[in-house]
Amino acid sequence: MNNEMFTMLGKMFSYHFMVRAAVVGLLVSLCAALLGVSLVLKRYSMIGDGLSHVGFGALAVASALGAAPMAVSIPVVMAAAVLLLRLSSHTKVKGDAVIAMISAASLAVGVIVLSLSSGTTGDVNNYLFGSVLAMTGEDVWLSVILAAVVLVLFGVFYRKIFAVTFDETFARATGEKTEAYNLLLACLTALTIVLGMRVMGAMLISSLIIFPALTAMRVCRSFRSVTITAALISVVCFMLGLCGSYLLDTPTGATVVVANVLAFLLFWLIGRIRERA
Amino acid sequence: MSLITCEKATFAYEGVPVVKELDLQIEKGQYLCIVGENGSGKSTLVKGLLGLLKPVSGSVAFGDGLHQTEIGYLPQRSEIQPDFPASVWEVVSSGCHGLWMNARHQRMAEENLRLMSMDRLRNRSFARLSGGQQQRVLLARALCATKSLLLLDEPVAGLDPLVTREMYDVIRMLHEEKGLTIVMISHDIQAATQEADRILHLTSTGSFYGTPFEYRHSPLGVAFFGGCCCHE
Chain A
1 MNNEMFTMLG
11 KMFSYHFMVR
21 AAVVGLLVSL
31 CAALLGVSLV
41 LKRYSMIGDG
51 LSHVGFGALA
61 VASALGAAPM
71 AVSIPVVMAA
81 AVLLLRLSSH
91 TKVKGDAVIA
101 MISAASLAVG
111 VIVLSLSSGT
121 TGDVNNYLFG
131 SVLAMTGEDV
141 WLSVILAAVV
151 LVLFGVFYRK
161 IFAVTFDETF
171 ARATGEKTEA
181 YNLLLACLTA
191 LTIVLGMRVM
201 GAMLISSLII
211 FPALTAMRVC
221 RSFRSVTITA
231 ALISVVCFML
241 GLCGSYLLDT
251 PTGATVVVAN
261 VLAFLLFWLI
271 GRIRERA
Chain B
1 MSLITCEKAT
11 FAYEGVPVVK
21 ELDLQIEKGQ
31 YLCIVGENGS
41 GKSTLVKGLL
51 GLLKPVSGSV
61 AFGDGLHQTE
71 IGYLPQRSEI
81 QPDFPASVWE
91 VVSSGCHGLW
101 MNARHQRMAE
111 ENLRLMSMDR
121 LRNRSFARLS
131 GGQQQRVLLA
141 RALCATKSLL
151 LLDEPVAGLD
161 PLVTREMYDV
171 IRMLHEEKGL
181 TIVMISHDIQ
191 AATQEADRIL
201 HLTSTGSFYG
211 TPFEYRHSPL
221 GVAFFGGCCC
231 HE
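Heads up: the sequence lines are chains A and B, in that order.
So for the first sequence, the working numbering puts the first residue at 1; every next one is plus one.
So for the second sequence, the working numbering puts the first residue at 1; every next one is plus one.
For the record, the hints were derived by calculation from the structure and aren't laboratory data.
Possibly wrong hints are sitting among the right ones.
[What the hints assert, rightly or not] With a straight-line Cα cutoff of 16 Å, these simulated EDC-like cross-link-like pairs (lysine to aspartate or glutamate) come out:
{"hint": "1", "chain 1": "B", "residue 1": "Lys28", "chain 2": "B", "residue 2": "Asp64"}
{"hint": "2", "chain 1": "B", "residue 1": "Lys28", "chain 2": "B", "residue 2": "Glu177"}
{"hint": "3", "chain 1": "A", "residue 1": "Lys42", "chain 2": "B", "residue 2": "Glu79"}
{"hint": "4", "chain 1": "A", "residue 1": "Lys42", "chain 2": "A", "residue 2": "Asp96"}
{"hint": "5", "chain 1": "B", "residue 1": "Lys54", "chain 2": "B", "residue 2": "Glu7"}
{"hint": "6", "chain 1": "B", "residue 1": "Lys47", "chain 2": "A", "residue 2": "Glu168"}
{"hint": "7", "chain 1": "B", "residue 1": "Lys147", "chain 2": "B", "residue 2": "Glu70"}
{"hint": "8", "chain 1": "A", "residue 1": "Lys42", "chain 2": "A", "residue 2": "Asp249"}
{"hint": "9", "chain 1": "B", "residue 1": "Lys147", "chain 2": "B", "residue 2": "Glu27"}
{"hint": "10", "chain 1": "A", "residue 1": "Lys42", "chain 2": "B", "residue 2": "Asp83"}
{"hint": "11", "chain 1": "A", "residue 1": "Lys177", "chain 2": "B", "residue 2": "Glu70"}
{"hint": "12", "chain 1": "B", "residue 1": "Lys54", "chain 2": "B", "residue 2": "Glu14"}
[What the hints assert, rightly or not] Simulated restraints, written as ranges between beta carbons of each label pair:
{"hint": "13", "chain 1": "A", "residue 1": "Asn2", "chain 2": "B", "residue 2": "Asp160", "range": "56 to 66 Å"}
{"hint": "14", "chain 1": "A", "residue 1": "Leu87", "chain 2": "B", "residue 2": "Thr205", "range": "30 to 40 Å"}
{"hint": "15", "chain 1": "B", "residue 1": "Ser57", "chain 2": "A", "residue 2": "Asn125", "range": "36 to 46 Å"}
[Claimed, not checked] Here are some, though not all, of the chain A residues that point toward chain B, as calculated from beta-carbon distances under 8 Å:
{"hint": "16", "residue": "Arg159"}
{"hint": "17", "residue": "Phe166"}
{"hint": "18", "residue": "Ala173"}
{"hint": "19", "residue": "Arg221"}
{"hint": "20", "residue": "Ser222"}
{"hint": "21", "residue": "Arg224"}
{"hint": "22", "residue": "Val226"}
{"hint": "23", "residue": "Pro251"}
This structure is a prediction, so every number in the text was calculated from the model and none was measured.
The beta carbon of each residue, even a glycine, is placed where N, CA and C say it ideally should be.
Pulled out of the complex, with its shape left as it was, chain A reads as follows (with noise of 0.2 Å):
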């Protein structure tokens, strides 16, 4: 059993598109879940989901256009998480509700797009649900920075981030520039989900940011025990679900998914079982 199980995973990391797309998905599944807690902690979960439609549009637009895919998305994802933030804080229409809109715009605008261009079902379906295929080494790198990045600032600012997320009025009485630390969060999110929207796909990133937080959530009780629990969760399912889609044949996205799922209700279980005991 063990043997075959060896094997198939030598044979599944023979293809160098494999070890791309397992590469980027570990970072950006850790990047993801890292941020997760503080997003899912402060109810900004669906700021995920807004930012992955935008990035979707960005990506029709690029590929439209003939451009590079990240030089475009990049930056209209990260202004759009910027300014995702300030509708949310600053005008009299309910975060939700501003996420709510820009999510169905950019989605609509993809739509057209890539329904005007030469764009086809199997582009749309990429873009929507994720390839493993469409890992490039650029790619790699980015993801690379990216959790490098993360990593770095997430550990600086640790003690800010749990400051800011657990009370933000005191964090702002005290003097934190609290407004700073949610724009530092909205943009590294916003770079997290353009990386792991190739690989995932538009629809289905955001389980990477709210899954493994609300699933560690269902045992830990300290920010700490969460935040490292969360980031374990999300590595474990990327892999799980990556070598799952391989033997099964399915979409990789939906089967990281559905790991995540799984993890929640096993969770869920052992987190009602501690309660009753």
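Starting from the structure of chain A, add chain B where the hints point.
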């Protein structure tokens, strides 16, 4: 010199003036209680004192070595997510300034936890504590942020009478033994006149400021106490 001086300060909420032309001096060592009915501007004034809201006219000035970011603030408990995953230690230490917890921060957080009698629960989940224990933890966090002034926004809201009494005793201890200046928002006018040495009563038409004795004999105090001065 006063710790905080408001001169003809008007604070507005969503463009509507709520606290109008307020003159107020908070002196070092004072125990000021701000009372008033819902919508009278208590919370708006708190935000103004914390620097989270700029006055639309007039001014708020800090003196006697107090920096605006060094006010220990205890928010209303309802502002904290009840199920937030955080340990007692994480909450208390988040009150310390700086990116890293150095030895001085560590000592300060431990000392404040002990002062609030919560040191044995430092690894406990904040969400699993009782209301009174959560308030003690949030007070310990506020103490990490200040050495001089505590601003408490309805610290006994939602607590049972016994825990409310304990909370008032803790606040009095911080005032008398630690020499902290206290500014407390409360709905409990009776307790305010017993605990504080100055009362600020905000109404939609104006405000009263004076000692509890003066308050009881003012039209606002008489309206509340019905002319009874039994707590002098």
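Status of the hints after comparison with the structure:
For the given pair, B:Lys28 sits about 8 Å from B:Asp64 by alpha-carbon distance, which is consistent with the 16 Å threshold. At roughly 14 Å between alpha-carbon atoms, B:Lys28 and B:Glu177 fall within 16 Å of each other, so this suggested pair holds. Pair hint A:Lys42 plus B:Glu79 holds up; C-alpha atoms about 12 Å apart against a cutoff of 16 Å. Distance restraint check for A:Lys42 and A:Asp96: the Cα-Cα separation of roughly 12 Å lies within the 16 Å cut-off, and the hinted pair is therefore satisfied.
For the hint linking B:Lys54 to B:Glu7, the alpha-carbon distance of about 13 Å falls within 16 Å, and the restraint holds. Of the supplied pair hints, the one linking B:Lys47 and A:Glu168 holds, its CA atoms being roughly 13 Å apart against a limit of 16 Å. Between B:Lys147 and B:Glu70 the CA atoms are separated by roughly 8 Å; this keeps the pair inside 16 Å, and the hint holds. Only pairs whose Cα atoms come within 16 Å are accepted, and A:Lys42 paired with A:Asp249 is rejected, the gap being roughly 37 Å.
Distance hint between B:Lys147 and B:Glu27 is fulfilled; the C-alpha atoms sit about 15 Å from each other, no more than 16 Å. Note on A:Lys42 and B:Asp83: the hinted pairing holds, with a Cα-Cα distance of about 12 Å set against a maximum of 16 Å. As the CA atoms of A:Lys177 and B:Glu70 are separated by approximately 15 Å, the hinted pair is consistent with the 16 Å bound. Using a Cα cut-off of 16 Å, the hinted pair B:Lys54 and B:Glu14 holds, with the two alpha carbons roughly 12 Å apart.
The hint said 56 to 66 Å for the Cβ distance between A:Asn2 and B:Asp160, and at roughly 60 Å that hint holds. Under the hint 30 to 40 Å, the C-beta atoms of A:Leu87 and B:Thr205, about 37 Å apart, fit the expected range. Restraint check, B:Ser57 to A:Asn125: a C-beta distance of roughly 60 Å breaks the suggested window 36 to 46 Å. Evaluation of the A:Arg159 hint against chain B yields a held restraint, the C-beta minimum of about 6 Å falling below 8 Å.
With a least beta-carbon distance of about 6 Å to chain B, the hint placing A:Phe166 at the interface is held under the 8 Å criterion. Annotation: interface hint on A:Ala173 holds; nearest CB of chain B at approximately 4 Å, less than 8 Å. Residue-level restraint check for A:Arg221 holds (minimum Cβ-Cβ distance to chain B is 4 Å; threshold 8 Å). Hint status for A:Ser222: holds, given a least beta-carbon distance of 4 Å to chain B, under 8 Å.
With its C-beta approaching chain B no nearer than about 7 Å, A:Arg224 sits inside the 8 Å limit, and its interface hint holds. For the restraint placing A:Val226 at the interface with chain B, the shortest Cβ-Cβ distance is roughly 5 Å, inside the 8 Å limit, so the hint holds. Proximity of A:Pro251 to chain B is violated relative to the hint, the smallest CB-CB distance being about 32 Å (cut-off 8 Å).
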